[in-house]
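Each chain sits in its own coordinate frame; assemble them with the hints.
Line by line, the protein sequences are chains A and B.
Once you know that position 205 of the first sequence is 205 in our numbering, the rest is easy, because the numbers rise by one and skip nothing.
Once you know that position 168 of the second sequence is 168 in our numbering, the rest is easy, because the numbers rise by one and skip nothing.
Misleading hints may appear alongside valid ones.
As the list claims (entries may be wrong) - Only pairs whose alpha carbons sit at most 25 Å apart, straight line, appear in this in silico DSS-like list of lysine-lysine: (1) Lys36/A with Lys140/B; (2) Lys65/B with Lys272/A; (3) Lys141/B with Lys36/A.
Said to hold, decoys possible - Estimated spans, in silico, between C-beta atoms of each pair: (4) Ile147/B with Ala60/A: 48 to 54 Å; (5) Pro182/A with His109/B: 52 to 58 Å; (6) Arg285/A with Ile89/B: 18 to 24 Å; (7) Ala193/A with Thr108/B: 55 to 61 Å; (8) Ile89/B with Asp84/A: 26 to 32 Å; (9) His109/B with Gly183/A: 52 to 58 Å.
No lab work stands behind these hints: they were computed from the structure.
Idealized CB from N, CA, C, for every residue including glycine.
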Amino acid sequence: MARHITLVVAEARAAGPDIRRLVLRDPDGWPLPKIKPGAHVDLDVPGIGLRAYSLMGDPAVADRWVVAVKREAASRGGSAWLHDGLAEGDTIAAAMPRCTFPLADAARHVMIAGGIGVTPFLAMAPVLARNDADWVLHVLHRGPLPCPGDLAPWIESGRAVAHDTRAAPRPSLAALLGAHAPGTHAYACGPQAMLDAFTEATAAWPDGTATIEHFIPPALPPDPTARPYTLVRASTGATVEVQAGGSMAAALLSIGGSVELSCEGGICGACKIRWIEGEPVHRDRILSAAERATHVMACVGGCASDRLVVDA
Amino acid sequence: MNIVQSPSAHASVIPSWVGVVAHLHITPRAFLPMQAREEVELIAGEGIVGDRYRIGTEAGFYSDKPEDGRQVTLFESEQLENVRRDHGIELLPEEHRRNVTTRGVALTHLVGQRFRIGPCLLEATRLSIPCRHIEEILDKKVFDPLINRSGLNCRILEGGMVRVGDAIRPA
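Bound-form chain B, shown alone (with noise of 0.2 Å):
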């Protein structure tokens, strides 16, 4: 996360952040792999267009617990860089399963907020947790290194096209 404090010596430190989009990952239905895009469209209230969590259209595999918070995943690019360097495990932005790969945004600290992903508005519901299901997909141990560190739930407030680079940054 980068800091960035107020400018003015006089003013009171605001700590603020801003991050990055680093990859977008859809898949249309439960088990099938995450397939790269360049962008894709949140709509609110929903989901993203051609994702299994879409409501109206679910087809995930958790599609049979309903869920308004789970419109979009996100999940840390830096944490893909833990799970290597503390379990030895290479995971990839692909397999992971969540929708948004970010850089340089702490997604715990977000829990409850709103926030700006290019020009849309979400708000995170909880923490995601990890499955059994994905070491089945990719047959790779990443269950327990997962744990706490497993990505953002998000309700999406306001709608529009999300692309790789886009600035991620508080509401």
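Same shape as in the complex, but just chain A (with noise of 0.2 Å):
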């Protein structure tokens, strides 16, 4: 658990339909990591594995994390978990934030949120608020508010719209986001049509000025050298496919393979390997020519050939 941080459900309440906002916090009240609006944390939700949900809290509020969770019909079963098996005063292990849908350095900020899709826009609100930046967030719901709580006070201000689309026609992307003017950023976060229909609405936008949250990590920095290539672990046979960039070692423990890793960076030798045949590529920076002849640091080595065979 070392290499998570651990969580405590300060309180857990129905907010909006089939949605539970759950306040997550430190157990005994320590500051949480810093996160930037838009950010979203993986839960580790056992049996399972790691589910991604949108940070929607104000970033600003140091010693807890808010997300709210709607139960999914066709759930894999993280939604329903989170629903039904986590309790207040329960702990859940979380990853490190990550921040794949910050806010834009724009003169104005038009966000589209569909339904549960309004959360990461709830944490960019206050932000945007303090700054006293020119901002207006559409949510677009069938029936009730979702998080009527936080949407409030930014409805009561103006900043936010809710369209009912039960109680009246949907309205138009086109129409909310307008023609692009200089200076503006459009964001949209929600159900794949509304994503679709957000990205026609602004095919027409310059470059980088219109953004999509998905859940989906970050892909890693393209390297122009990199290609994929077939791992093998000689003592059992068993292969994994590494795609371009990927990481050798996350392919090798995939297979059963036994590789240390610490500082993934290439400079502590932890996860050192001996490679049998095939053309490693070296991105370490500590193994000398000599070293290198036989050995490869898994954190950071690629492969130039179609397998690399490993004894590991």
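Laid out in structure tokens, this is it:
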């Protein structure tokens, strides 16, 4: 558990239709890692794995994180467990939050949320308000509002506009967004159909002025020389396909290999493994030429041939 | 490092040094922010009360790799200035994730040596190395800039209270 953040459910309440709002804190009330507005956190659902949820609390509040989880009918178990399997006082493990949906440096911010997709914008709202920014949040929802308590002050101030698509026709995203004006940045988070409509509505906008939130980890920085390869464990014959730029160490662990990880930057030597066949690409900073003839650092190493056979 | 020479004109010159504790920080668990303290308690053979790497109650990122010589860690405040100068990155005393921020001590010279920090006696076991983990926590690209300037790992031979402003000197 050392490589997770341990959190306690300080509060669990309903927050709209099939939505459960969880306030998560350190067991001793210690400040939590700083987050950026728009960040998400991976929560470890027992027996299922990591599930990503946007952090919706004010990033300036250091001692708690807030998530809102909608029970999904097609859930693979994550949202069901967070609704039914987790009670106030229970602990849950989390990974370090990441922000793949940051606030842009823009003069005006136009945000489109679909249902529970409002959550990242609820973290952005207090930051924008403190910065005296020009912004508007359109919340498209069907029936009762998602996270009504958190949205209420922004609706009252006129910054957030709720569009109940059960009571009125769904508004055109093109109409909500308008034509691109210099300095404007648009954001969307919600169901895929809404994201598709957003993409279409902003197709003519300048590059980088319209962003969408997907819960997909950020891609590794592209390495123009990296290529996919097959990693083979000599002792068992087990193989795994490593994507271009992917982690050799992670791939090796996935097929039962033995590799220690520490710095994960190619300088500590913990993940040094012996290679037997193939053409390893060395990106470490510590192995000598002689050592590279027989060993590779799995945390940063790659492969220039189709296969790499290792003894680990 | 302040070099102090013998006052005797006839004695051979014996270089010595004295530094000072500039900041103290601890955190109870991996990933959590380091918090400043005016004083911390060092327990011989274990670590710092309340810190993640105290042996027996370990909860640090690297606690799955037990290390007797990681009971307390030190970092030179001068390296914060060097990282700013060389790389334009502002790294704060609470961000390097070592326990003791020193001023006036060449930590890299102390590996294998014993020295006093306030009333406590430490033995330097090895240079610290940076890890990618810190970039994840800080969202700052400091891994490369911290290579060879990432501080010192130490074992606590004699414990006690260490306070900001305490002297650091050879044993």
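Please list, smallest to largest, the hint numbers that this structure does not respect. 4, 8
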